[in-house]
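Colleague: This is what each chain is made of:
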Amino acid sequence: MSLTRDLTHEPKKCTPSMTSPNEKNEQNLTPADQAAGQSVAEEGAVQPAIQSGGQQKTFKDTPLKLESGAALSPFTIAYETYGTLNDDKSNAILICHALTGDQYAASKHPVTGKEGWWEIMIGPGKPIDTDKYFVLCPNVIGGCMGSTGPASTNPATGKAYGLEFPVITIADMVAAQTHLVESLGIKQLFSVIGGSMGGMQVLEWASKYSDRVFSAIPIATAARHSSQNIAFHEVGRQAVMADPEWKSGCYLEENTNPRKGLAVARMAAHITYLSDNALHQKFGRNLQEREKITFGFDADFQVESYLRHQGFRFVDRFDANSYLYITRAMDYFDLFAEHDGILAGAFQDTKTRFCVVSFTSDWLFPTKESRQIVHALTANAANVSFVEIETDKGHDAFLLDEPEMLSAIRGFISAAARQKGLT
Amino acid sequence: MNSHTPSPHDHTTRHDHLIIKTMISPNARVLDIGCGDGALLELLREEKNVDGRGIEISQKNVNHAVAKGLSVIQGDADQDLINYPDNSFDYAVLSLTIQATKNPKKVMEQLMRIADYAIVSFPNFGHWRIRWQILAFGRMPVTDKLPEQWYDTPNIHFCTVKDFVTLCKNIDARVEEAITINKSGYEFSDKVPLFIHNLLGREAVFLLSKNKR
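First to last, the protein sequences are chains F and V. Throughout, my numbering is defined as the position within the first sequence, counted from one, plus 3. Throughout, my numbering is defined as the position within the second sequence, counted from one, plus 45.
Calculated from the structure, these hints are not laboratory results. This one's a predicted model, so the numbers in the text were calculated from it and none came from an experiment. Check before you lean on any hint, since a few could be wrong.
Here are the simulated DSSO-like cross-link-like pairs (lysine-lysine), alpha carbons at most 27 Å apart as the crow flies [claimed, not checked]:
(1) Lys354(F) - Lys150(V)
(2) Lys228(V) - Lys135(F)
(3) Lys371(F) - Lys147(V)
(4) Lys371(F) - Lys151(V)
(5) Lys423(F) - Lys93(V)
(6) Lys371(F) - Lys113(V)
(7) Lys190(V) - Lys236(V)
(8) Lys423(F) - Lys66(V)
(9) Lys105(V) - Lys129(F)
(10) Lys68(F) - Lys190(F)
(11) Lys354(F) - Lys93(V)
(12) Lys354(F) - Lys113(V)
(13) Lys207(V) - Lys93(V)
(14) Lys66(V) - Lys151(V)
(15) Lys214(V) - Lys105(V)
(16) Lys92(F) - Lys190(F)
(17) Lys92(F) - Lys60(F)
(18) Lys150(V) - Lys66(V)
(19) Lys228(V) - Lys255(V)
(20) Lys371(F) - Lys105(V)
(21) Lys150(V) - Lys129(F)
(22) Lys113(V) - Lys423(F)
(23) Lys371(F) - Lys190(F)
Can you build the whole structure from these sequences, using the hints too?
Modeller: The following block contains the structure:
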């Protein structure tokens, strides 16, 4: 009972509370956490303001009705575009980003200064060719790069939402995207493409708005989040909420930042994006800048150092509450349940062309999950291609230079373009 | 599944593909089971404007076919045909694949369920050269079309043209058209008696429909 209570955080209004210095004690942190804290402190512990994207649209008159029954109004979507929308607005491709992705798919990230997360896929002459197609990539609702999320200001209170932000779902993210797509005058998307959580959005689009989706490429994804994946997400959320600086979600008001908790969440999650073999190849048991083990809890091994680095880097560009909300959205995703346990019901009489992609070493979204999608589509005699790419790069493979994936997607998009009369 | 090694020029060289093409009407919905790297689907897309889909057991072949813009999934004729709804295609094609399936009769029944017409091509084990090899040498036949030894061939269910006709009767399929091809590429039409097909045809192509009772 007490454990349950300890781990449960009821939403509360963010009012500045008396913070005792004791709350900042670090006695129950591991040495690794303390090291993490030090390193984070060096980089500056101030919570970054919400980063606004290059382009933003705020919808004031059309409240976003959420699956939970709540509504969000007004709401803003930040997005990036690449390429040019043609005259009849028939060449638009929607890119849906993954859990910790954002709208900067093919342009420089304003916080990290790094190139876009899918430059391998999107650009002139690339499989998603910006010389031919208009590419639209929005930040999801609940995110922290300019779209309305828990770090946005709640118009009712004038303060950041924090945990007063309504719980959102994949369906809500997609519903918000339909507003953006409509506002651009696009009646049918030529393609909706995304990996991981992006793939869930692709499936949601294809299921609920099939007449607005000419083709769909769900990559390394599933029609429902598995128990194992929910379990990993719960570990991440608990890491965030166990950080005393989280302040029951009110860290913005309290001027703190649960960086350590979020970094640990990222470290745990990052392992799931790789594979045993990839970690072995990359790091093995190699030691980090030392000759022998130190008999302590410093990062002796390269793999530890790497994970810490991943964790620390992540907190500079991501909001902890956004992490809670978006992981929750993935956990709730279940296209089976929405159709009485029969996934085929999600794609009844679909005219959309599908290209389902999975990777052999992806244990987070294994091929069998993709195969379930393929079976549901074939049960509707849908037009479906399915490629499983052999790689040892794990779940992250969809972001990497996997030539077979790139050529399959290029071939599929070209054929779909011929079908639609885009040349 | 497909015993043929795909080559870039497959669609110009495989005789059974050319015959299958003549049996398929334009703009039809076609499911090619054991489609290899999609040579037939490509031919049918280009020349008959079909809405084609494929199932192929080799992932390499599937990826190759998808890169060519064909709608192909990885799957197994023995296991995955049950996923398709009844009468969802005009034609279900099984080209040089039936001999590699575990349960040819069940696969044939699935074909007849999924599509209005089934087209099946297969190597004829009743061909005189094969009969001769067994008779004269007492060894399992190895020919240029069936080059593998008995222990490493994927082809586990050979039949003769006569056997196939019997199977069609058993599953209540009606033979609409039957063509066999001899070694030099000559085509025997329906007008030739069955025993000639069975003796001289190296490969056979059958167009089947549902027997309306």
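Colleague: Does Lys371(F) pair with Lys190(F) here, judged by a C-alpha cut-off of 27 Å?
Modeller: 33 Å, violated
Colleague: Decide if the proposed pair is consistent with the structure: Lys105(V) and Lys129(F), CA atoms, cutoff 27 Å inclusive.
Modeller: 22 Å, holds
Colleague: Check the hint pairing Lys354(F) with Lys113(V) against an upper bound of 27 Å on the C-alpha distance.
Modeller: Given pair Lys354(F), Lys113(V) holds - Cα atoms ~21 Å apart, limit 27 Å.
Colleague: Are Lys92(F) and Lys60(F) close enough, with their CA atoms no more than 27 Å apart?
Modeller: Cα-Cα ~19 Å, so holds.
Colleague: Sort out whether Lys147(V) lies within 27 Å of Lys371(F), counting only the CA atoms.
Modeller: 23 Å, holds
Colleague: Does the alpha-carbon distance linking Lys371(F) and Lys105(V) stay inside the 27 Å limit?
Modeller: Holds, because 18 Å separates the two Cα atoms, which is no more than 27 Å.
Colleague: Are the Cα atoms of Lys68(F) and Lys190(F) separated by 27 Å or less?
Modeller: 21 Å, holds
Colleague: With a cut-off of 27 Å on the C-alpha distance, tell me whether Lys228(V) and Lys135(F) pass.
Modeller: Distance of about 49 Å is beyond 27 Å: violated.
Colleague: Quickly compare the C-alpha distance for Lys66(V) and Lys151(V) to 27 Å and report which way the hint goes.
Modeller: 25 Å, holds
Colleague: Does Lys207(V) pair with Lys93(V) here, judged by a C-alpha cut-off of 27 Å?
Modeller: Violated - the C-alpha atoms of Lys93(V) and Lys207(V) are around 31 Å apart, more than 27 Å.
Colleague: Take a quick look at whether Lys190(V) and Lys236(V) sit within 27 Å of each other, Cα to Cα.
Modeller: Satisfied, since the Cα-Cα distance of roughly 26 Å is no more than 27 Å.
Colleague: Under the criterion that the straight-line Cα-Cα distance not exceed 27 Å, is the pair Lys150(V), Lys129(F) satisfied?
Modeller: 46 Å, violated
Going down the numbered hints, you'll see the structure goes against 1, 2, 13, 15, 19, 21, 23, while the others check out.
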